[in-house]
Amino acid sequence: MSTLLIIAILLLGFIVVFQIAKASEYVSVLKGEKKTFEQNNRINGFLLLAFLIVGLIGVYWCNELFKGKILGEAASDHGEKIDTMLYITIAITGIVFLVTQILLFVFAFKYQYSEKRTAFYYPHNNKLEVIWTVVPAIALTVLVGFGLYYWFKITGDAPKEANVVEITGKQFGWIYRYPGKDKVFGKKYYKDIDEGQLNQLGLKWDDKASHDDIVTNEALYMVVGKPVKLVINSRDVVHDVGLVHFRMKMDAVPGTPTTMWFTPKYTTAEMKEKTGNPDFEYEISCDQMCGKGHFSMKGIVKVVSNAEYILWLAKQKTNYAMSHPEEVKPAPAATADSTVTAAVNN
Amino acid sequence: MSNEATLHGHSEVTTTHDVHHDEHHGHHHKETFITKYVFSQDHKMIAKQFLITGIIWAIIGGLFSVLFRLQLGYPDQSFPILEDILGKWAAGGKIQPEFYYALVTMHGTVLVFFVLTAGLSGTFANFLIPLQVGARDMASPFMNMLSYWFFFIASMVMISSLFVQTGPASGGWTSYPPLSALGDASEGSKVGMDLWLVSMALFVVSSLLGGLNYVSTILNMRTKGMSMTRMPLTVWALFFTAVLGILSFPVLFSGFILLLFDRHAGTSFYLSDIFLASTQKALPNEGGSAILYQHLFWFLGHPEVYIILLPAMGMVSEILSTNARKPIFGYMAMIASMFAICVLAFLVWAHHMFVTGLNPFLGSFFVLLTLLIAVPSAIKVFNWLTTIWRGNLRFTPAMLFSLGFVSMFISGGLTGIFVGNSTLDIHLHDTYFVIAHFHIVMGVASFFGMFAGVYHWFPKMYGRYLNNTLAYIHFWITLVGAYLIFWPMHYQGLAGVPRRYLDFSGWASFNQFDGLNRFISIVSIIVFATQLLFVFNFFYSIFKGRRVTTQNPWGSATLEWTTPIRPGHGNWDGEIPEVHRWAYDYGKDGREFISQTEPVGANESKH
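Residue numbers (my numbering), protein chains in the order written: chain A, 26 to 371; chain B, 134 to 740.
You may find that some hints are simply not true.
Stated by the list, open to error - Straight-line Cα separation of at most 25 Å, DSS-like style, residue types lysine-lysine; simulated pairs:
1) A:Lys-135 with B:Lys-721
2) B:Lys-414 with A:Lys-323
3) A:Lys-152 with B:Lys-739
4) B:Lys-677 with A:Lys-47
5) A:Lys-290 with A:Lys-254
Simulated from the structure, these hints should not be mistaken for lab results.
Model the full assembly from the supplied sequences, consistent with the hints where possible.
Following this line, the structure appears as structure tokens:
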């Protein structure tokens with residue numbers, strides 16, 4: 026019912042606008058074409074100037090409104106670089122934006138039709154054209170320079186001490202793999218994937234290196250202040266590991282592993298304090314269209330202290346143990362705990 | 134030619150036909166309804182066919198965006214009427230995820246290809262090239278007709294895909310495999326995707342037939358005296374557009390063919406190491422590269438941006454100059470910058486792929502080349518600004534839309550410097566920032582160029598004017614609305630809000646924009662309704678608009694205004710006029726304008 030009402034109101038509005046428009050056309054014929062033209066021209070000239078002024082106020086207001094809702098402090102070293110680059114770019118483009126928009130609308134207002142004015146015949150001026158080829162070129166060189174400097178820092182090789190974690194996208198979720206004590210990922214083959222056997226990644230059990238690999242869907246754990254390198258995979262279609270707080274992003278492509286690395290600056294607990302939000306979590310968003318569940322493909326990053334990391338890792342059951350419950354004897358819990366405590370104390 | 138003759142209608146014009154012997158021209162008194170309005174070979178009629186088909190597509194594509202904006206603005210609310218109309222796609226009055234993705238996919242495909250490529254350059258290349266270079270028709274009117282009808286068939290196939298049971302393609306307008314290659318990965322990748330690919334293949338054929346025609350017409354059929362450097366900038370822009378299309382569409386075509394093979398012939402061009410959760414099966418394909426498709430797609434995809442934008446730039450240059458009563462500033466620089474854009478357009482495609490695992494060293498070249506495009510773009514902007522400087526501006530609706538174009542082009546162009554910089558792209562890639570960027574610079578700006586063109590050349594197309602008051606309402610609401618919709622999206626993008634999400638309620642990082650999303654949705658509905666007002670104005674004015682009574686209503690120097698008010702097939706009665714000067718002698722030696730057909734006087738000043 027309300028929909029019909031809205032449609033009826035819309036239609037009525039249309040008819041009213043149309044009738045006014047038609048009437049104004051008759052009026053313009055009566056008034057004379059020249060007079061109508063001059064009147065319209067003045068109105069539109071004024072509106073163009075008004076648009077500029079109101080628009081610039083709107084730009085300022087919009088910024089005030091949203092600046093608190095975007096770009097909290099970057100939570101990684103690379104994120105800081107990206108933010109710096111962002112501010113440099115905003116400064117340069119902001120100046121250009123203001124100058125050109127103001128010139129555009131002010132010229133439009135100032136040089137609107139007047140019977141007294143004749144247009145200035147000015148077909149070209151080589152000097153001017155050289156100026157506005159060279160100046161933008163210099164500004165862009167600055168931007169390219171900074172951009173590539175940061176780009177190579179961010180995409181350069183990960184430090185040797187970096188923790189390596191594998192993250193694999195699937196429709197619609199994330200699988201994380203840790204290499205275990207040997208720090209080597211076991212071989213895997215996608216045809217060996219068998220979810221019934223709890224082998225989500227198709228680990229090859231004849232490769233011993235796979236036996237201590239830990240595979241989980243729970244969260245991506247990383248140590249604060251320690252570089253982490255992600256090896257990114259996909260099991261089906263193209264996904265993308267989007268880490269908004271770290272300002273990082275990399276596609277997950279089936280058949281072609283990709284990598285990224287960064288150093289998280291704050292633990293999840295610290296971020297809870299910083300943001301004043303007790304439920305804060307670092308979220309992993311899928312940033313590449315991957316099917317109907319794309320919008321809900323969420324993962325969690327837990328940034329923890331080194332001690333917490335070791336403790337957490339030690340509590341995890343290896344994928345091999347989960348897939349082969351009959352072979353692996355349950356390890357005495359006490360022993361595991363004592364090793365962990367020892368490790369933490371070291 | 135006397136003014137009086139030009140006032141005569143179409144039928145009287147035929148009496149003068151015998152004096153010259155132009156083949157197409159001679160035919161036109163035998164025209165039937167079918168040959169005149171349906172299988173027409175008159176470039177002007179084909180242009181109108183493209184335009185009207187484009188308008189219908191624009192309404193459909195716009196409507197899609199209204200639907201998905203409803204979902205984004207009101208994710209918790211249900212609209213029972215949607216279920217009545219859409220059935221299972223809106224079960225319970227809520228737009229279902231599959232359908233949401235189908236909507237965004239179709240919105241993109243339709244607007245990028247069917248409206249802003251076919252509807253824009255199809256219309257104005259067909260209409261303006263022969264009229265502005267002084268030709269009676271295209272080099273091959275028959276191919277030109279085929280070009281429209283291939284577009285029409287492509288349209289029909291695309292429309293039909295909306296009605297298949299599994300729904301239309303829903304993998305985004307870029308249709309990246311493996312998602313688009315595997316029916317088991319997504320409903321939309323079943324029959325809908327096949328229809329999408331077939332439709333796009335037909336579209337490429339249409340675009341090539343048209344493009345080859347435009348280029349050969351411009352190169353071979355210019356009238357006497359019309360050297361390349363005397364052509365209006367519209368023709369130059371359309372020329373570069375056609376060249377871009379001819380060189381890049383075949384690459385897209387090849388990409389689509391490979392995708393079809395992967396879908397149906399068991400090949401592995403794009404597929405490797407895939408295990409589908411929906412079937413719990415591993416696919417046999419190994420060794421393909423999903424990234425290969427992205428290279429092939431963006432090799433067209435990036436030039437496509439300029440295929441959309443260049444015609445608008447050309448028309449805006451022409452309209453700004455005409456209504457500023459002042460020559461375009463830096464004519465040669467305008468051509469040079471378009472040429473530079475055209476060349477660079479082929480060298481930047483991988484900036485869409487900075488985060489695909491592309492070699493960072495390779496990426497750095499694409500950063501450099503991408504940001505280089507800002508230089509010719511800056512030249513164009515400053516030249517437009519200088520064109521209106523010290524002019525005597527008439528704010529016709531076409532002029533307003535041209536000014537709006539420049540404003541949009543600046544705003545959207547500058548954000549290109551953000552996303553073209555790989556460092557920033559890491560954060561901004563596939564967020565609302567990208568949405569804001571390309572909608573402003575490519576979507577809205579090109580639409581403004583198209584509206585400017587329609588308002589400016591409507592009198593030439595139909596011999597009538599569009600209603601001015603409706604035009605002004607249309608302009609102001611669209612300009613303000615477009616900024617209200619897309620400006621705040623930059624902030625969403627900076628916050629990292631990903632595109633193609635239909636509901637943010639599950640996300641702590643992205644759910645802070647509920648109010649804004651609702652605001653944007655309301656504005657976009659208002660703006661969409663305003664476009665319907667334009668459509669109404671368009672069709673009403675074809676039949677009932679104020680009649681054009683003078684041959685050259687805008688006081689323009691270009692050749693199309695030397696034709697009769699309602700030109701027949703063949704455009705000029707009698708001889709094709711000879712050209713003696715460039716297209717922009719406005720305000721020279723104290724004269725309002727000097728038509729291109731006027732010989733250069735002995736005392737005329739030089740520039």
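A quick look at each hint next to the structure:
1. A:Lys-135 with B:Lys-721: 21 Å, holds
2. B:Lys-414 with A:Lys-323: 24 Å, holds
3. A:Lys-152 with B:Lys-739: 18 Å, holds
4. B:Lys-677 with A:Lys-47: Between Lys-677 (chain B) and Lys-47 (chain A) the Cα gap is close to 11 Å, so the pair holds against 25 Å.
5. A:Lys-290 with A:Lys-254: Between Lys-290 (chain A) and Lys-254 (chain A) the Cα gap is close to 15 Å, so the pair holds against 25 Å.
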